[in-house]
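In order, the protein sequence lines correspond to chains A and B. Residue numbers are given in numbering that gives the first Met the number 0: position 68 of the first sequence equals residue 67, and the series is strictly consecutive. Residue numbers are given in numbering that gives the first Met the number 0: position 300 of the second sequence equals residue 299, and the series is strictly consecutive.
Misleading hints may appear alongside valid ones.
If chains are identical, the list can't say which one is meant, so a pair holds when it fits in one copy or spans any two.
[Unchecked claim] The calculated lysine-lysine pairs, modelled on DSS-like cross-linking and capped at a C-alpha distance of 25 Å, are:
no., residue 1, residue 2
1, K95, K5
2, K5, K236
3, K75, K236
4, K185, K236
Hint data in this document are derived by calculation from the structure and do not stem from the laboratory.
Chain by chain, the residues:
2 protein chains.
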Amino acid sequence: MPELRKDPIHGRWVIISTERSRRPSDFVPEERKPMGGFCPLCEGNEDRTPPEIIAYRDNGTPPNSPGWTLRVVSNKFPALRIEGDLNREGEGIYDKMNGIGAHEVVIETPRHHETLATMPLKGVAHVLTAYRDRIADLKNDQRLRYVLVFKNHGVAAGASLEHSHSQIIALPIIPRRVVEEIEGAKNYFNYKDRCVFCDIIRQEIQQKSRLILENNAFISVAPFASRFPFETWILPKTHYSSYEHMNSSLYEQAAQTLSRMNRVLNDPPYNYVIHTSSFSGLEAEHYHWHFEIMPKLTKVAGFEWGTGFYINPTPPEEAAEYLREAK
Amino acid sequence: MPELRKDPIHGRWVIISTERSRRPSDFVPEERKPMGGFCPLCEGNEDRTPPEIIAYRDNGTPPNSPGWTLRVVSNKFPALRIEGDLNREGEGIYDKMNGIGAHEVVIETPRHHETLATMPLKGVAHVLTAYRDRIADLKNDQRLRYVLVFKNHGVAAGASLEHSHSQIIALPIIPRRVVEEIEGAKNYFNYKDRCVFCDIIRQEIQQKSRLILENNAFISVAPFASRFPFETWILPKTHYSSYEHMNSSLYEQAAQTLSRMNRVLNDPPYNYVIHTSSFSGLEAEHYHWHFEIMPKLTKVAGFEWGTGFYINPTPPEEAAEYLREAK
């Protein structure tokens, strides 16, 4: 059983993932690992993944067989386990609990070489709808408090499989980074009686210098205090605290944003995360769901680890200009 | 002039480093960059670095010439500038100030292939003393509030030069990660009237399962909630809040710890940081300085960025056992 452990100084939680336990000799630099070869996520290899939780498939095709456009399966090496109780307990001054939670993989396409930046728009729409469906279902588990949807694309961004996929982890704790964001937004709301994200959207549309793309319902923007070169956020223009309220024009905005990044940076490794409200729903007024896309072009090093500060060599105004002009 | 910008949601600061401004085509994956070739940090090439701020050198040798064992110089591409005023100002809802601060490089040895894990003990002692000397000097600058000493070793850990060196950045702001640590320690102190680090040290010496090395004044330990495989902290057994109180046996402890890591993990890429109290000195009772050494064996990916949670595949008890037994 994986273990959740809390740092007694920062209150930061870590998952000690026994499922993936590794000895010193197991750490091979990712760059030296061979890619290619057999792919368990390709169509026809359905028996090489755990059974599907949901799938979008042709009428009449049975589960776990070919004929699908998207599948969601449990992670074969889950960081957290869905069965069991939390068993919160202490160990001297330390706190821990069982690693309960969900860890799912969204297989975004049956085709090995298709990516979100290159697949047909309909494929992107399926992926974003699958996220919504899984979040809605996981919310029913009373032991869980938060769900994170994220994607690692490319070896440098931590992807261990080449085939386009994203991941969903549901947690028994609201994670620290999310709590900070929610608390920060709440402080702003208490002070100004306005949502900080709504204020950001207003200022970005007016200033234009960091605006990348805008449609009827969304903006894509290089944030004023971007941590990484070409960091890009997608925000809904209407105030909604949770991703389930996504609008159908999201897939166009997401596909176009990723495809511009793809052209300007030549298929860069990247991570994205969806930040949405917690299962409690207490953040409806002050929180505003959004996508954060982080290309991995530089290394995060000692200074960043030690301070939580970031050094970004590309001003967001310049990044936005490149992405805006990449028609 | 570099710019410090504050994220209006999290209060997180970033440095927009115009000194290193980069276009899309400048981002070459580090792995594809050629290493080797001319080294500006080697003995004999003193004219290829900014002038030395301090140096430990043979009697009678003039500054910026051969005959040294250690040099500290300004960073040739500084993230922050030492000249000027902070000029704090707003831009709509955003906050920014000039990127004022110090950015120095500690050239740890005149010899290209020597590392902290392999150099004579005396060399390590010089490095740790240089840190102390520079911190003491930078504290005199009234515009600055915190100094971080850190090291990036190996390409995967963000080092852009092979020659063994570390860096010192002094900041006009106490960085977020440090504030969190100080606040966390203060909360613990307010609740228990004891230093949380002192309590950790007591429990680790008693439990032994995460203890790696112990001498008269220091312990090296795999933290209970390690974020990374083989993460190791070095803590002084006596309560001191700031690094300037380092004891002379620190260099033995640091050298042995790094050398064991070197043997067990085969010269791994790693980062280390020194966490010490801020220039205000207000943390004397509840804060406890320490080293955090973080081998870079796994990639930090979407889940970590999105949550601030970490997934660690190597239980700290197992990591400690490997390092303890690496005689």
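Structure-based check of all given hints:
Within a single copy, K95 and K5 get their C-alpha atoms as close as 6 Å, which meets the 25 Å cut-off; across copies the closest is 34 Å, which misses it. Taking the closest pair of Cα atoms, K5 and K236 come within 25 Å of each other only across two copies (22 Å); inside a single copy the shortest separation is 37 Å, beyond that limit. Neither within a single protomer nor between protomers do K75 and K236 lie at most 25 Å apart by alpha-carbon distance, with minima of 37 Å and 43 Å respectively. Taking identical chains as interchangeable, the C-alpha atoms of K185 and K236 lie at most 25 Å apart only when both belong to the same chain, with a minimum of 19 Å there against 40 Å between chains.
When each numbered hint is compared with the structure, a violation occurs for hint 3 only.
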